[in-house]
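Each chain is listed here by its residues.
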Amino acid sequence: MAQFLFKLALLFYLLGTVGYIIYLVSQKKPLAHYAYGVLWAGFLAHSLAIGGLYYQTGFFPVHNLRESLSFFAWAIMAAYLAIQVRFNIRVLGSFLSPLAVVMMISSSFLPHPAGPANPLLRSFWLVLHVLTIFLGNGIFAIAFLAGIMYLIQERQIKSKQLGALYHRLPSLETLDGLNYQCLVLGFPLLTLGMVSGSLYAHYTLGSFWRWDPKEVWSLITWLLYAALLHGRLVAGWRGRRSALLSIVLFLVLIFSFLGINFLVKGYHTFSAFQKV
Amino acid sequence: MEIGLIGLNHKTAPVELREQLSSTCVQGAVGMGEESAPSVVKEALTLTTCNRVEILLTAEDLDRAFQEVIRTWEDPPRRTEAGLKPYIYVYRGDEAIQHLFRVAASLDSLVVGEPQILGQLKTAYREAVKNRSTGVIMNRLLHKAFTVAKRIRTETGIADNAVSISFAAVELAKKIFQDLAGKKVLLVGAGEMAELAAEHLVHHKVQEIVVANRTLERAMDLAHRWRGRAVSLQEVPQALSEADIVISSTGAPDLLIRQDQVKAIMKQRKQRPLFFIDIAVPRDIDPQVNHLDNVYLYDIDDLQEVVAHNIASRKNEALQAERIVQEEAVKFRNWMNGLEVVPTIVALRNKIEDIRQGELKKAGPVLQELTPEQQKAIEAMSQAIINKILHDPITFLKRPGDPFQVSKQADLTQKIFNLNTEAEAEENS
Numbered sequence: 001m002a003q004f005l006f007k008l009a010l011l012f013y014l015l016g017t018v019g020y021i022i023y024l025v026s027q028k029k030p031l032a033h034y035a036y037g038v039l040w041a042g043f044l045a046h047s048l049a050i051g052g053l054y055y056q057t058g059f060f061p062v063h064n065l066r067e068s069l070s071f072f073a074w075a076i077m078a079a080y081l082a083i084q085v086r087f088n089i090r091v092l093g094s095f096l097s098p099l100a101v102v103m104m105i106s107s108s109f110l111p112h113p114a115g116p117a118n119p120l121l122r123s124f125w126l127v128l129h130v131l132t133i134f135l136g137n138g139i140f141a142i143a144f145l146a147g148i149m150y151l152i153q154e155r156q157i158k159s160k161q162l163g164a165l166y167h168r169l170p171s172l173e174t175l176d177g178l179n180y181q182c183l184v185l186g187f188p189l190l191t192l193g194m195v196s197g198s199l200y201a202h203y204t205l206g207s208f209w210r211w212d213p214k215e216v217w218s219l220i221t222w223l224l225y226a227a228l229l230h231g232r233l234v235a236g237w238r239g240r241r242s243a244l245l246s247i248v249l250f251l252v253l254i255f256s257f258l259g260i261n262f263l264v265k266g267y268h269t270f271s272a273f274q275k276v
Numbered sequence: 001m002e003i004g005l006i007g008l009n010h011k012t013a014p015v016e017l018r019e020q021l022s023s024t025c026v027q028g029a030v031g032m033g034e035e036s037a038p039s040v041v042k043e044a045l046t047l048t049t050c051n052r053v054e055i056l057l058t059a060e061d062l063d064r065a066f067q068e069v070i071r072t073w074e075d076p077p078r079r080t081e082a083g084l085k086p087y088i089y090v091y092r093g094d095e096a097i098q099h100l101f102r103v104a105a106s107l108d109s110l111v112v113g114e115p116q117i118l119g120q121l122k123t124a125y126r127e128a129v130k131n132r133s134t135g136v137i138m139n140r141l142l143h144k145a146f147t148v149a150k151r152i153r154t155e156t157g158i159a160d161n162a163v164s165i166s167f168a169a170v171e172l173a174k175k176i177f178q179d180l181a182g183k184k185v186l187l188v189g190a191g192e193m194a195e196l197a198a199e200h201l202v203h204h205k206v207q208e209i210v211v212a213n214r215t216l217e218r219a220m221d222l223a224h225r226w227r228g229r230a231v232s233l234q235e236v237p238q239a240l241s242e243a244d245i246v247i248s249s250t251g252a253p254d255l256l257i258r259q260d261q262v263k264a265i266m267k268q269r270k271q272r273p274l275f276f277i278d279i280a281v282p283r284d285i286d287p288q289v290n291h292l293d294n295v296y297l298y299d300i301d302d303l304q305e306v307v308a309h310n311i312a313s314r315k316n317e318a319l320q321a322e323r324i325v326q327e328e329a330v331k332f333r334n335w336m337n338g339l340e341v342v343p344t345i346v347a348l349r350n351k352i353e354d355i356r357q358g359e360l361k362k363a364g365p366v367l368q369e370l371t372p373e374q375q376k377a378i379e380a381m382s383q384a385i386i387n388k389i390l391h392d393p394i395t396f397l398k399r400p401g402d403p404f405q406v407s408k409q410a411d412l413t414q415k416i417f418n419l420n421t422e423a424e425a426e427e428n429s
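Those sequence lines, one after another, are chains A and X.
Numbered per the numbering used here, the first sequence spans residues 1 to 276.
Numbered per the numbering used here, the second sequence spans residues 1 to 429.
Any given hint could be a false lead.
Computed far set for chain X versus chain A, every beta-carbon distance over 10 Å [what the hints assert, rightly or not]:
#1 Val111
#2 Ile176
#3 Pro237
Listed next, the stretches of chain A that the computed footprint assigns to chain X, with coverage defined by at least 3 CB atoms under 8 Å from CB atoms of chain X [to be verified]:
#4 29 to 40
#5 132 to 143
#6 239 to 245
For lysine-lysine, the following BS3-like pairs were computed, each having C-alpha atoms within a straight-line distance of at most 30 Å [what the hints assert, rightly or not]:
#7 X:Lys122 <-> A:Lys28
#8 A:Lys160 <-> X:Lys398
#9 X:Lys331 <-> A:Lys29
#10 X:Lys331 <-> X:Lys42
#11 X:Lys263 <-> A:Lys29
#12 A:Lys158 <-> X:Lys376
#13 X:Lys331 <-> X:Lys315
#14 A:Lys160 <-> X:Lys315
#15 X:Lys122 <-> X:Lys205
#16 A:Lys160 <-> X:Lys408
#17 X:Lys388 <-> X:Lys398
#18 A:Lys29 <-> X:Lys376
#19 A:Lys29 <-> X:Lys388
#20 X:Lys174 <-> A:Lys158
#21 A:Lys158 <-> X:Lys184
#22 X:Lys85 <-> A:Lys160
#23 X:Lys267 <-> A:Lys158
#24 X:Lys362 <-> A:Lys28
#25 X:Lys388 <-> X:Lys376
#26 A:Lys28 <-> X:Lys150
#27 X:Lys144 <-> X:Lys376
Keep in mind the hints are simulated off the structure, nothing from the lab.
Just so it is clear, CB atoms sit at the ideal spot from N, CA and C, and this is done for glycine as well.
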């Protein structure tokens with residue numbers, strides 16, 4: 001059942017992406033409207049799939065790369081749908097839905113590791129840790145996209161080459177505002193995720209902090225985002241600088257989320273989640 | 001009934017002639033107005049703008065209707081019919097419909113896609129309705145023209161991009177700042193084009209306009225007009241730290257605003273974006289400021305390039321719009337044909353039915369003597385005869401065909417059966 005729902009979600013995301021890309025080219029507003037609805041349908045199926053799996057196994061399904069990527073896609077979608085309600089930047093869908101689809105497709109190609117999960121992973125703190133971290137990451141993904149859109153638009157205005165995207169992208173002020181809102185929303189979630197994770201470690205492993213490579217990189221990411229937010233709030237880092245930093249920091253975030261798992265071994269890696 | 005259009009515009013006639021005619025047109029509306037001499041013009045609408053004088057009319061005899069219009073335009077010896085002829089164009093039937101649609105959609109305008117013409121046409125129509133010079137066809141035609149214009153506006157990008165310097169500047173400002181409400185504008189120097197751009201910005205509800213000028217008097221004049229503030233040129237650096245949009249147009253020979261100056265100001269304003277529009281020649285603002293973060297600079301050449309690009313893309317969209325015009329003109333023509341065919345069919349049926357009733361009445365005394373069954377049979381038989389006779393002419397009339405043909409068919413049928421549809425149509429309407 002869960003597998004069927006995952007496939008359904010992927011199908012809806014694909015349809016929504018196609019709709020949004022045609023919208024980007026043709027500028028027919030109803031298309032964006034339909035695509036938005038289709039993404040909602042996909043999100044619903046996806047939520048049911050994840051909820052179903054959680055109910056079935058009793059474990060929050062983020063034990064392997066396959067499940068984590070899929071959950072990341074879910075978090076990005078959740079962040080997007082929430083932000084879209086408030087900001088209504090139609091063209092954002094054209095940039096975001098391909099990202100979610102790529103994640104879903106790569107997730108579906110990854111192996112399905114067998115074996116029961118470590119019983120230590122059954123905890124309220126873990127669910128809170130995972131939910132907040134991923135939602136924070138989802139929101140930072142949107143800050144990343146807003147940064148890309150900002151740089152494209154700024155480039156066109158500065159170079160005075162007003163191409164096709166110039167008319168399709170929103171104003172610099174809107175994109176910068178979106179970037180700001182994402183940082184302001186994402187940072188507390190990331191913080192909450194780190195705190196709940198360390199509490200979870202305290203209850204299960206007996207210490208708040210173990211200098212695990214993933215922990216260290218997450219701390220670095222958190223510090224960098226804190227610096228960016230501080231720069232924005234106090235030193236007037238806005239526009240181009242904030243857009244660029246949001247892009248770079250998201251790449252750092254992706255590295256501490258995925259890259260670190262491949263490079264070093266630690267208790268945070270997926271293989272360690274399996275029962276030994 | 002035919003639709004015709006006679007007029008002249010910026011492409012065919014010099015401005016002097018357009019000026020003269022637009023004043024005469026306003027004075028005496030053609031056609032319906034004068035009761036002394038019955039006019040051949042049935043319906044009329046006069047559209048006068050600074051670029052065109054056009055009269056749209058319906059008449060049975062278009063040639064005579066056009067003659068009538070030209071007579072009102074004549075003013076010998078200054079203006080004679082022969083003198084006017086080279087400047088005037090006339091359109092008949094479908095061409096007139098298409099021309100009207102093109103005018104309404106701003107395809108025939110000096111600046112293709114400019115929005116004023118539709119408003120002017122609406123005013124002209126209101127005027128015509130007030131004078132009771134429009135009827136069934138004209139009402140329908142004008143409403144159709146308005147919807148065609150709207151359709152073209154939404155389905156093509158004909159009015160999307162600014163094609164004047166000042167509009168292009170406003171459009172750019174809206175791509176930098178989403179909402180211009182609450183933004184502050186600084187005018188350095190008070191040239192005509194700067195004034196125009198400022199007008200547009202005021203229209204977009206900017207919060208405040210500050211005017212700096214060499215002569216403070218002129219600055220105060222303008223500032224007063226927009227309820228703004230006037231400052232001297234020495235106060236410009238101070239004003240820069242507060243402004244969001246700066247329009248510069250002084251006659252100064254050297255740069256007024258330098259890069260290092262702006263750099264310092266950006267720090268002061270915590271990097272809030274600053275948009276410079278430099279329409280002065282020679283330039284007032286150091287081109288290097290465009291390289292600073294959150295500072296945008298467009299000079300007159302940049303803006304002109306944007307405008308040239310937009311005009312080119314409008315021309316592209318206009319091709320698509322022409323297709324819509326053709327399509328809608330055909331639809332309207334079909335409706336008009338239906339208008340001619342339906343009364344003809346009604347009249348034809350009525351006439352034959354009258355004959356049947358008349359004959360039945362004549363034979364009344366004889367029929368009385370028949371049994372009810374026999375009476376019924378005769379009634380049914382006569383009905384069947386006229387239905388069979390009418391079947392072929394009606395199919396002939398309803399047959400879709402080219403517009404001109406259909407109207408000829410209706411005309412022919414009316415002549416053969418000696419029908420008087422005019423009176424009927426008027427009674428019905």
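- Could you tell me which of the numbered hints above are not met by this structure, giving the numbers in increasing order? 2, 4, 5, 8, 11, 12, 16, 18, 19, 22, 24, 27
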